[in-house]
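Peer 1: All chains, please: the whole structure from these sequences, using the hints.
Number of protein chains: 4
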Amino acid sequence: MIRVSVLGATGYTGAELLRLLSAHSEVKVVSAASQSFVGKELGEIFSNFRQAEKMKLVNPEELAGQTVDLVFVCLPSGKSMKVVPELLSAGMRVIDLSPDFRYRSASLYEDWYGIKHAATKENEDAVFGLPEFYAKEIQNAGLVGNPGCYTTAAILALTPLLKAGLISEKGIIVDGASGITGAGRKADLDHSFAEVWGNFKAYNPVRHRHTSEMEEEISYLSGKQVTLQFTPHLLPLNRGILETIYADLAPDATEKAIADCLHDAYDDAVFTHLLAGVLPDLKGVVGSNNCLIGFEMAERTGKLVLFSALDNLLKGASGQAVQNMNIMYGLPQDMGLPLIASYL
Amino acid sequence: MIRVSVLGATGYTGAELLRLLSAHSEVKVVSAASQSFVGKELGEIFSNFRQAEKMKLVNPEELAGQTVDLVFVCLPSGKSMKVVPELLSAGMRVIDLSPDFRYRSASLYEDWYGIKHAATKENEDAVFGLPEFYAKEIQNAGLVGNPGCYTTAAILALTPLLKAGLISEKGIIVDGASGITGAGRKADLDHSFAEVWGNFKAYNPVRHRHTSEMEEEISYLSGKQVTLQFTPHLLPLNRGILETIYADLAPDATEKAIADCLHDAYDDAVFTHLLAGVLPDLKGVVGSNNCLIGFEMAERTGKLVLFSALDNLLKGASGQAVQNMNIMYGLPQDMGLPLIASYL
Amino acid sequence: MIRVSVLGATGYTGAELLRLLSAHSEVKVVSAASQSFVGKELGEIFSNFRQAEKMKLVNPEELAGQTVDLVFVCLPSGKSMKVVPELLSAGMRVIDLSPDFRYRSASLYEDWYGIKHAATKENEDAVFGLPEFYAKEIQNAGLVGNPGCYTTAAILALTPLLKAGLISEKGIIVDGASGITGAGRKADLDHSFAEVWGNFKAYNPVRHRHTSEMEEEISYLSGKQVTLQFTPHLLPLNRGILETIYADLAPDATEKAIADCLHDAYDDAVFTHLLAGVLPDLKGVVGSNNCLIGFEMAERTGKLVLFSALDNLLKGASGQAVQNMNIMYGLPQDMGLPLIASYL
Amino acid sequence: MIRVSVLGATGYTGAELLRLLSAHSEVKVVSAASQSFVGKELGEIFSNFRQAEKMKLVNPEELAGQTVDLVFVCLPSGKSMKVVPELLSAGMRVIDLSPDFRYRSASLYEDWYGIKHAATKENEDAVFGLPEFYAKEIQNAGLVGNPGCYTTAAILALTPLLKAGLISEKGIIVDGASGITGAGRKADLDHSFAEVWGNFKAYNPVRHRHTSEMEEEISYLSGKQVTLQFTPHLLPLNRGILETIYADLAPDATEKAIADCLHDAYDDAVFTHLLAGVLPDLKGVVGSNNCLIGFEMAERTGKLVLFSALDNLLKGASGQAVQNMNIMYGLPQDMGLPLIASYL
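Chains as they are written, first to last, in our numbering: chain A, 1 to 344; chain B, 1 to 344; chain C, 1 to 344; chain D, 1 to 344.
Simulated from the structure, these hints should not be mistaken for laboratory data. Some clues are possibly wrong.
Chain copies aren't distinguished; within one or between two, either way the pair holds.
[Unchecked claim] Simulated crosslink set (DSBU-like; lysine-lysine; CA at most 35 Å straight-line): (1) K256 to K79; (2) K163 to K54; (3) K186 to K79; (4) K256 to K163; (5) K186 to K82; (6) K163 to K186; (7) K256 to K56; (8) K56 to K186; (9) K28 to K136; (10) K186 to K54; (11) K28 to K186; (12) K186 to K40; (13) K79 to K56; (14) K28 to K163; (15) K82 to K56; (16) K54 to K28; (17) K170 to K256; (18) K256 to K54; (19) K116 to K163; (20) K224 to K170; (21) K170 to K28; (22) K40 to K170; (23) K121 to K170; (24) K136 to K121; (25) K256 to K136.
Peer 2: Dropping the structure here:
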């Protein structure tokens, strides 16, 4: 049994992790920590845990004294990098769900997050936790930087096509829409039911931080220098991201070449797949750890229109973290992870 | 033109009032006051007012110096009774949307709200603002206590039948469900989108304050001593109340007698009506100032099942307040008020 | 491995069953049948199955020639009783999700469904599939009649209290609200998104068929003759049932006695539990196979207000069917069934 | 009083028109016609009309014999062009809400709709009913082709900037999302509540018919040859369109120049406006006849990101039709039309 702790257990990604881990046959959750709710039962915070095995939330500092193999860190940006080095020193492996260890360039992180990186050495050894491209490195990683939700969807759709030269690296547009759990758990008037229900709007339309994460990683993986326009929108629902991505087709790109390229890239993947004949929608992914991709050729305009869908709390966060854990411990990638969306 | 002020303009009932009044041909809104947002434009708080005529929110204290005929007070319970006496002394008429002036018995109010009534003299002269029963008194009122949303729906459905002896005053159950705007505008985790969407639950199931308001007023109007069980529920939508009401049929009550009784009561009303052949639903009332009533005879159990539906921000609050204003100034009851629900 | 077939695979309960069974480690789904979609892949009908193992839908008649241990029958009322006898004769065990084998009295079924029962002999041997009361009988059953969704919630909340004499069997009111999947999968204007979104309404308020199922089974289990008033409502969401149940307290019933009674009844149950201190809501059950119960004493009115919540597609249908299968084959009741609601 | 008929009264645009017209002080609705529901009351089809003035739906053929000034035609594409010529011959003016009279080039219409145009002569005299650009022509028009919902939002946002040369006419992308009422009223499994709720997806991503309407009209108005990529998406809500539009900035385009251009274009408009400092959202427009526009400069990518929001049933259909009627009869443009969105 892998002995696991969750740090930051009372946000949505923390709670989703605990839900997944509680049904994982190779995991023993040793502790769940939360600065704000020390001493409370998880079931007092999330009604779905009311009937689960009781577990009192502990102070994050108590982790140090525990025998733990792996810590999932679900803290906000800036806070994670302050605790991760200590956990690594204590011999624990870490999967970090914050943005703190996702960047190759610490200075790029600093530009977009406006804070000094406090653990650059650890960052150098961190592995980008996207199994479709880094399964081997994840296997032996001490520290995994779990990718952002929007980022995961964009990298998976764009990278193979850029690498194959089937689309231009210039002028790419990522138009994304996410359910509200992506914004975290907080008492915020802007996120109150009455304000969000029946509404739809863009936010951070020209400088959302995931832009930099997409650009750095897609450029690295594809070998092309990508600068892209990313515009996120807020959907009146809880879970799911759909990205509609526009790119200029290379002169010789055919529908078959694009399909072949994406099939080659993902037919052996556990959770990421090209759909044929239909477009991905949220229902087809929410509740599962899948990322589903589709596309249409727009001959009139010379554009490729790509669609990439995932559940932001699963493949976009906690599900991908469990997938990374499975790889780190030599388990099947889909252990404890749903392959079929709940649909209704 | 009636010169009007709105006190407490940045809650949902205040904003709804300003929306209605801005399209009312006989009203000039002189000022809108809000303690929390002095100096701001309403359009900075509510996006629907961004293109409306500009009006900076003033400090409530500035009202005193203004020439105003009528003030709508949209303050929380306990705050209203502190400012209303002064407004009356300054010669203004007042429609109060808080619970502070809805009770005949100040001590009943004190029991249920847990605060001492600070304006008992004014309370004695206040008129209960339910036009279907008190149009005449409202006409000349200096102070109108605008009824609660749940209360309005229950009184309108039950009163005529109790008065006529067609149902028993014992054992009445009011099972209500409301959209979330009834809970007001606030940054509250329990009312955040992620927590409410896809959810349904009861709240305050045995001591919701509207219980006392229903009991006092229904007893007064019907001449029967009514003690009832009221259980409110929270719906994942913004507007609308549906009450399903259970009462024991009197031994000789027939379907025809019940229909006749409700037709007699409301066929001449502007906004309240008995539906025939179908049951009221939220779509049939939301966006209008109507209260629609329906019923079914449950012969197997000897129960009458009554349904009463209204828009909690219109007939349940701001719409009814405008209806009261129209009566106070000799205007048609429906001036500036929608008779047809928006449906979609 | 249990060899299983699903008959009527393209309704919502059928698809939910297939989703659950695909992750069940002791089950091999041999075939899925559907009259309307023979030859199609399930993924062509439900987008969540697009990436699942391919399985072409077969004609129901092909079942006869297959080696199958257990058939889940998800057909409409009236159709099920025509095929079940044949399946039993072929030596298969059957869990029937229709109402056809839920009734002790075939004539009661005939009264409420308006059709002649075509398999009264098989009906006599059928076991009512509610594990909290009939686990032993289910174990050896050839035919299990899986209870209705509303029925399950009502029986679980009321039975122990009636049996213990803590509430009166007279005048019970069950006020229920369900997500729309309870109405099945169909192209119906009344169930189109535009008509249901933002709406809430009662339907069949005095003669919903589940009334009779509740009455028969609760009377049988409690030994009291129960006639109750059941009013269902339609919620603008997909999954979940909440019932708010009103009953007259016995003269000597105390809060402690009621809690003790429900604890005694369910503390050893796998999925059904009494909540303490909080009321059940849909979020706390949707996505799990739980039924959660809560209550409040209404001293002013002498009423007990009970709350019972479950996911209509899980504990209310397909989840309970899998729970029954687990019992029939000596497996842990919760194998393949989620204990923690998905919450978001 | 203008004597008005509505042809095709039982779709969503027809019902919305009747709702607006019933509160319009200068209009008398003479008749409402519907092939499918002859003899029924409107209130039998739409619950919001249950309490409105009774009006039996007539057969469309009865219109011929009536004294009517203006007919609103709410028929599907292809059907409208078969009845409009006759109405015009009978001396009635017509506002047509179908696509049949929106195109300058009948052959472009034929290409995209796949049907022969049956009224090319009438089409030549038809005026494109977008008051912001054609108020003068509308005033005297016999036949107005009311623009499409997506089209209206795109033309209003793009035209002034293209005309001023502030953005390039090459490579424009219109990414749109609409509430489901845009798809009309029908019993369709794909549009059932269970399938749409919690979902988000693109549809017709490369050949939606509104593409051609946008291109023709924007090219005509701006004098630039525009070919654009339009991808519509379906939102899980009833009303509202938000378009996020991407265009390449001209080399010398400044934020000020863009703002000035849009202010010049729309500061005198009744319903269309540039927002400053905030982005348009659905809440800010739904329930009103406004079209609100916003933008952001994306300097990193050289793109202009434009946002355009409106209510698809109001400014996108029936509201714009009433605005056109007001212009045709010399009334204030906003008579009977809401200027403030309902917000909640």
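Peer 1: My question is about K28 and K186: at a cut-off of 35 Å on alpha-carbon distance, are they close within one copy, between copies, both, or neither?
Peer 2: Result: close within a single copy only, 29 Å intra versus 40 Å inter.
Peer 1: With 35 Å as the alpha-carbon cut-off, assign the pair K163 and K186 to within, between, both or neither.
Peer 2: The answer is neither: 40 Å in one copy and 45 Å across copies each exceed 35 Å.
Peer 1: Treating 35 Å as the Cα threshold, decide for K28 and K136: within, between, both or neither.
Peer 2: both (25 Å within a copy, 33 Å between copies)
Peer 1: If the cutoff is 35 Å on CA atoms, where do K224 and K170 land: within, between, both or neither? Let me know, please.
Peer 2: Classified as both; 10 Å inside a copy, 24 Å across copies.
Peer 1: Within a copy, between copies, both or neither: where do K186 and K54 come within 35 Å Cα-Cα?
Peer 2: Both ways: K186 and K54 sit 24 Å apart in one copy and 32 Å across, limit 35 Å.
Peer 1: With 35 Å as the alpha-carbon cut-off, assign the pair K121 and K170 to within, between, both or neither.
Peer 2: within (33 Å within a copy, 46 Å between copies)
Peer 1: Quick one: K116 to K163, C-alpha cut-off 35 Å, is that within a copy, between copies, both, or neither?
Peer 2: Result: close within a single copy only, 32 Å intra versus 46 Å inter.
Peer 1: Which holds for K136 with K121 at a C-alpha limit of 35 Å: within a copy, between copies, both or neither?
Peer 2: For K136 and K121, the Cα distance is within 35 Å only inside one copy (21 Å; across copies 62 Å).
Peer 1: For the identical chains here, do K170 and K28 meet the 35 Å Cα criterion within one copy, between copies, both, or neither?
Peer 2: Result: close neither inside a copy nor across copies, 47 Å intra and 49 Å inter.
Peer 1: Measure nothing new, just compare the shortest in-copy and cross-copy C-alpha distances for K186 and K40 to 35 Å and report within, between, both or neither.
Peer 2: both (18 Å within a copy, 25 Å between copies)
Peer 1: Should K170 paired with K256 be assigned to within, between, both, or neither, using CA atoms and 35 Å as the limit?
Peer 2: both (22 Å within a copy, 27 Å between copies)
Peer 1: Between K186 and K82, at a C-alpha cutoff of 35 Å, which is it: within one copy, between copies, both, or neither?
Peer 2: Classified as both: same-chain Cα gap 22 Å, cross-chain 33 Å, threshold 35 Å.
Of the numbered hints stated above, those contradicted by the structure are hints 1, 6, 14, 21 and 22, listed in ascending order.
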